[in-house]
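In mature numbering (1 follows the signal peptide of the UniProt record, and there is no 0), the protein residues as written are -24 to -1, 1 to 272.
Hints are supplied without guarantee of correctness; some may be wrong.
The list that follows gives simulated cross-link-like pairs (lysine to aspartate or glutamate, EDC-like), each with its CA atoms no further than 16 Å apart [to be verified]:
(1) K72 - E47
(2) K45 - E29
(3) K221 - E46
(4) K221 - E62
(5) K124 - E154
(6) K51 - D91
(7) K164 - E154
(8) K181 - D20
(9) K6 - D208
(10) K181 - E29
(11) K181 - D208
(12) K30 - E46
(13) K139 - E154
(14) K151 - D250
(15) K221 - E155
(16) K50 - E5
(17) K161 - E135
(18) K151 - E135
(19) K151 - E49
(20) K151 - E68
(21) K6 - D34
(22) K111 - D185
(23) K89 - E77
(24) K131 - E47
(25) K161 - D185
(26) K6 - D65
Label-pair distances were calculated between CB atoms; the ranges are [unchecked claim]:
(27) G112 - S183: 28 to 38 Å
(28) R76 - K111: 16 to 26 Å
(29) D235 - E1: 31 to 41 Å
In case anyone wonders, no lab produced these hints; they're calculated from the structure. The structure presented is a predicted model; accordingly, all values stated were derived computationally and were not measured. Ideal placement from N, C-alpha and C gives every residue a C-beta, glycine not left out.
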Amino acid sequence: MFKQLTIPLLSFMLLLAGAKASFAETVIEKVARTGVLTVGANLDNIPYSYVNEKGELDGYSMSVINLIKEELEKKLGKTVTLQVVEAGDITERIPKLLAREIDLSCDTAFTWKRDEYVDFSVSYSVTGVRLLIPKGSSLGSAESLIGKRIAVVPKTIYEKAIKLAQPQAELVPVKSLEEGVLALKAGKVDGVAGDSILLDGLRQKVSFDDTQLVPKSPYARYGVACMLPQYDPSFLHLVNYTIVKFMESYLAGDKGSTDMVNRWIGPDGIVNVDPQDVRDFFNYTLITHEQIPPAQ
């Protein structure tokens, strides 16, 4: 019996060891071997990542990812190809990272629950939970939400923020922020709770101009960052280094970095964000990181 079990058991152990060995390969080692950086992205997430009128994948997050690709090329001394895998929902992205089907996924909010399974980079944008409402509406304060129909995507930071701000609001579940914006346009809800930057992008996408975002101070604030596989410090270091260097370039007035930010979230960008807010956030982030000389 012992001899009969030995070979199957040994085969199983070798198989297990092989699986562990494949997962032990870092992202940088994988990119060095294959020449490919695989990214999970939402293809309809204005202004972070979306398909533009030319059929090209574009957006603020994609610009950040391209900076990461360029830093990898510099480190490895070879051309790196960007492979994009559609992964719109967070429930798709984390399993793909765990299975090493993707190496990176950006435009994601940090939560402690998500951090149990993946690592997060430095945040490269900050946003908050606000309401999209018709112009002229009096909604905004916590008291004004009592009994009002507020569209929310269930089990998100948006839903949690509104529940905390006003437990007596009538929460209307929707599958996506876009569905919520369309419901508002049709008069089915009084407001939509969500990421203020995404709501502004969706408002433009569905041609719903007669709207406003409230309140001025969001119900909740959070950073937007990239998710990476856990236990890969070399890749995390490279990603953070790239983002911090980009922020420093922007604050130093570098034209390329300034144009990149302004194209997406600047005063004349797709979404209008006060440049001082961007500068304040970048400065706050850089306080905890060593300054990178411009030549590096």
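Checked hints:
no., hint, verdict
1, K72 - E47, "23 Å, violated"
2, K45 - E29, "24 Å, violated"
3, K221 - E46, "13 Å, holds"
4, K221 - E62, "28 Å, violated"
5, K124 - E154, "19 Å, violated"
6, K51 - D91, "27 Å, violated"
7, K164 - E154, "14 Å, holds"
8, K181 - D20, "10 Å, holds"
9, K6 - D208, "12 Å, holds"
10, K181 - E29, "12 Å, holds"
11, K181 - D208, "37 Å, violated"
12, K30 - E46, "23 Å, violated"
13, K139 - E154, "20 Å, violated"
14, K151 - D250, "30 Å, violated"
15, K221 - E155, "37 Å, violated"
16, K50 - E5, "14 Å, holds"
17, K161 - E135, "20 Å, violated"
18, K151 - E135, "12 Å, holds"
19, K151 - E49, "39 Å, violated"
20, K151 - E68, "15 Å, holds"
21, K6 - D34, "25 Å, violated"
22, K111 - D185, "9 Å, holds"
23, K89 - E77, "21 Å, violated"
24, K131 - E47, "36 Å, violated"
25, K161 - D185, "10 Å, holds"
26, K6 - D65, "25 Å, violated"
27, G112 - S183: 28 to 38 Å, "18 Å, violated"
28, R76 - K111: 16 to 26 Å, "47 Å, violated"
29, D235 - E1: 31 to 41 Å, "36 Å, holds"
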